[in-house]
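Student: As a plain string of letters, each chain reads:
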Amino acid sequence: MSDLPATLGAMTTPVDPSPPGGPGPHGAQGLQASPEPLSYDPSAALSVRGLWKRFGQKVAVSGVSLDVPAGSFYGLVGPNGAGKTTMLSMATGLLRPDFGTAWVHGVDLWARPDEAKATLGVLPDGVRLFDRLTGRQLLTYAGMLRGMDKDTVVERTADLLQAFDLGADADTFVVDYSAGMTKKIALGSAMIHAPRTLVLDEPFEAVDPVSAANIRDILKGYVAGGGTVIVSSHVMDLVQRMCDHVAVLAAGQVLAAGTVDDVRGEQTLEDRFVDLVGGRQHSGGLSWLRGS
Amino acid sequence: MVARFLTLKLTLMGNTFLKSVWQTIGMIAAAVYALGVVVILVIVVGALAFLEDPAWAGLAITLGGALTVLGWWLIPIFAFGVDATLDPHRFTTFAIPRRTLVAGLAVAGLVSVPGIATVLVALGTAFAWVLEPGVLLVALVGAVLGVATCVIGSRAITTVLAPVLESRRYREVVTIVAVVLVVMIGPLIGWLTNGVEVSVGGDSDGGAGTQILALFEQAAAVVGWTPFGAAWSLASTAHDGDWAGLVGRVAVALGTIALAWLVWDRALARALVSPPVGDGGGGKAKGLGAFGRVPFTPTWAVTARTATYWLRDPRYSGSIAIVPLLPVVMYFSSQSTGNFFMLLATGPFVAWILGFSISNDIGYDNTAFALHVSSGVDGRADRWGRAIPMLVMGPLVSAATVVASVWVADAWHLTLPLLGLAFGSLLVSTGVSCAVSARLVYPVAKPGESPLKSPQGAAMATIVAQGLGFLVTLGLSVPVFGVGIAALLLGGVSWGIATLAVGVLYGALILVLAVRFGARVYNSRLPELLQQVQSFP
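Same order as they appear, the protein sequences are chains A and B. For the record, in the first sequence the residue sitting at position 77 is 77 according to this note's numbering, with numbers rising by one throughout. For the record, in the second sequence the residue sitting at position 507 is 507 according to this note's numbering, with numbers rising by one throughout.
None of these hints come from the bench; they were simulated from the model. Idealized CB from N, CA, C, for every residue including glycine. Each statement offered as a hint is correct.
DSS-like mimics (lysine-lysine), calculated; alpha carbons at most 27 Å apart, straight line:
{"#": "1", "chain 1": "B", "residue 1": "Lys446", "chain 2": "B", "residue 2": "Lys284"}
{"#": "2", "chain 1": "A", "residue 1": "Lys150", "chain 2": "B", "residue 2": "Lys286"}
{"#": "3", "chain 1": "B", "residue 1": "Lys284", "chain 2": "A", "residue 2": "Lys150"}
{"#": "4", "chain 1": "B", "residue 1": "Lys286", "chain 2": "B", "residue 2": "Lys446"}
Which chain A residues face chain B? A few, computed with CB under 8 Å, are given here:
{"#": "5", "residue": "Leu95"}
{"#": "6", "residue": "Asp114"}
{"#": "7", "residue": "Val122"}
{"#": "8", "residue": "Pro124"}
{"#": "9", "residue": "Leu129"}
{"#": "10", "residue": "Arg132"}
{"#": "11", "residue": "Tyr141"}
{"#": "12", "residue": "Ala142"}
{"#": "13", "residue": "Met144"}
{"#": "14", "residue": "Leu145"}
{"#": "15", "residue": "Lys150"}
{"#": "16", "residue": "Val153"}
{"#": "17", "residue": "Ser189"}
Using the sequences and the hints given, assemble the complete structure.
Tutor: And the structure:
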């Protein structure tokens with residue numbers, strides 16, 4: 001079982017990777033990808049092909065293929081339970097896919113995980129931190145695990161603490177942090193090794209508006225400098241303003257993907273999203289709630 | 001309204017049955033066990049009443065009842081978070097009059113395995129007085145009052161202490177105290193019974209029994225006037241015909257209940273308007289701590305983190321606090337048997353326990369382990385990092401234990417072989433832990449939870465993982481044990497040196513091989529390990 005995806009990766013990796021085909025520059029290949037040979041985009045920051053994952057009876061992700069162009073600010077949106085976290089976990093080495101694989105800057109993540117992970121910074125959603133460490137210690141720990149030298153770690157830790165406005169709480173245990181502070185320190189741990197690609201699952205959840213604006217500035221600067229950011233979010237407005245590319249995921253499949261302007265057309269992203277996903281109720285509803 | 005609380009509690013209990021088979025089995029086992037205890041207690045008290053003297057039964061009820069009240073009042077302080085099904089905070093948003101809320105919670109508090117068991121024992125033992133109808137009536141009233149004292153007092157104490165109990169610092173301290181108490185219960189009881197035997201053992205045959213009885217009578221006379229025993233002693237006071245005493249004790253019992261009710265009511269009123277908040281201050285640690293004192297490599301990063309957790313996480317520091325107690329426990333047990341074998345075995349035993357204590361390290365990390373996965377930490381770095389603090393601290397602690405045990409037993413000639421056995425088992429069990437923990441991960445108390453609380457439904461996985469680790473360690477330790485036992489039997493310095501050499505060299509070899517194996521397993525199962533800890537309940 002454990003080496004199945006590895007053999008699958010070797011089997012499906014083309015010896016001579018052909019240039020990316022399929023409809024559109026970064027079109028919704030998810031629906032047609034399965035029968036085609038899995039050709040990936042070697043220039044993409046992240047290129048996933050035919051990802052499948054099943055938990056018991058529930059298929060969480062069914063045949064997702066996506067290309068995240070290098071240097072893009074990529075938003076991943078979808079309703080609750082759409083498979084965003086599962087998809088991102090499989091694209092970052094946290095969860096082994098049942099089928100399919102991911103290429104990080106042309107490196108097959110599931111065949112050569114160490115090489116691929118070195119260029120990735122990941123903020124997973126819903127995991128604990130080593131919260132008996134202080135904020136400073138946690139950042140240091142993350143840097144040391146990446147094999148960085150002492151001077152760099154110390155310098156970047158100080159920078160990150162300052163950038164995320166955590167300087168005053170650097171020596172407080174993370175277990176005593178608020179939800180927003182915890183999110184920020186986790187984000188810092190994902191960035192300390194200066195990865196080429198950042199994959200952030202719900203990075204703005206519980207973060208106050210001022211900190212969120214600071215984080216957005218940091219991420220924009222990072223993208224301007226050539227980095228790639230992938231964020232998942234529920235907040236359409238935020239994605240529309242912040243991202244240049246977007247993918248809409250629902251029920252484990254990609255419904256639309258491309259530049260934000262292509263996906264939303266004339267509508268706002270939120271309206272387009274509701275159209276794609278469905279489930280909006282147009283009846284009056286709860287009439288008894290109004291009179292009282 | 002009270003009936004609705006009762007229904008709510010019963011529904012919650014019913015839902016736990018639906019949730020998991022193992023939980024259901026655990027619940028049924030607890031119920032059967034409790035029923036057994038109830039039946040035995042009632043039979044014992046009944047036998048005392050009918051075969052001996054009803055006065056004896058009265059003594060037993062008074063003292064046992066007082067202990068029960070003490071248990072109801074004190075256990076929730078240590079076993080925090082065990083039963084929060086009807087946390088008053090959850091009713092804040094419903095407009096329920098406080099009087100109703102208090103009554104509802106009190107009745108609902110009875111609906112649990114210990115609650116029902118207490119009621120059954122209280123009523124059942126009252127029938128020890130069935131031959132004297134008047135006293136029986138008093139006994140039944142006393143039983144009801146006693147149960148009320150248990151439940152209301154317990155609720156009053158937990159509600160008053162809730163703000164304190166919610167602070168992390170307090171929970172950590174209490175956790176360690178509780179772990180120490182649990183370990184010390186055995187020796188304490190042994191010591192107490194020893195003390196009683198010594199104090200009454202002066203005159204032999206026949207005298208001892210009456211002396212113990214006299215001791216109990218004195219104790220019961222005092223306890224009967226305290227809030228703990230007053231309600232339970234009513235029947236025996238009535239049996240003795242001490243009417244003035246009966247009135248006084250009824251007053252004490254009723255006063256206790258009234259006071260507890262008042263305290264609970266006040267505390268609840270306060271709790272309902274002040275939602276739980278974390279302790280603002282929180283802990284602080286200056287600078288990098290252990291991280292500043294190690295080379296900057298992934299292996300040493302894991303080492304520094306592990307060492308920090310050993311001191312700061314009560315789930316680890318609790319088990320560290322036990323280690324110095326083990327020799328004490330062993331000392332008492334060998335004193336009662338007059339055989340020092342157990343005491344001398346402490347050193348190797350402590351070493352083995354220490355090495356075994358890291359056998360589920362990833363389970364203790366819980367999902368924080370995701371950082372290792374996303375960073376792509378190499379198996380060797382992870383495995384060695386977790387082992388190094390043990391390899392630094394373990395030899396010191398086990399050597400100190402060995403020296404202390406041979407000193408007490410005055411068996412200095414056994415120092416070398418015992419050291420060899422200790423180092424050998426430390427190295428082997430550490431190595432096996434490093435290998436096993438990469439393959440078998442089972443649920444443990446989550447970060448921040450009481451280490452005394454073992455997760456529901458994890459029993460099977462725990463037994464399999466620990467049993468396997470134990471068997472493998474035992475099998476791999478055979479060479480060390482062989483030489484060690486030869487040394488203990490044959491004596492002589494050369495055998496001692498041989499044991500030490502075999503222990504250290506062979507142990508180191510096993511450690512290196514096991515870590516290498518563990519690292520390989522770790523590297524191939526990294527995402528599966530994370531998925532396992534994520535699936536913990």
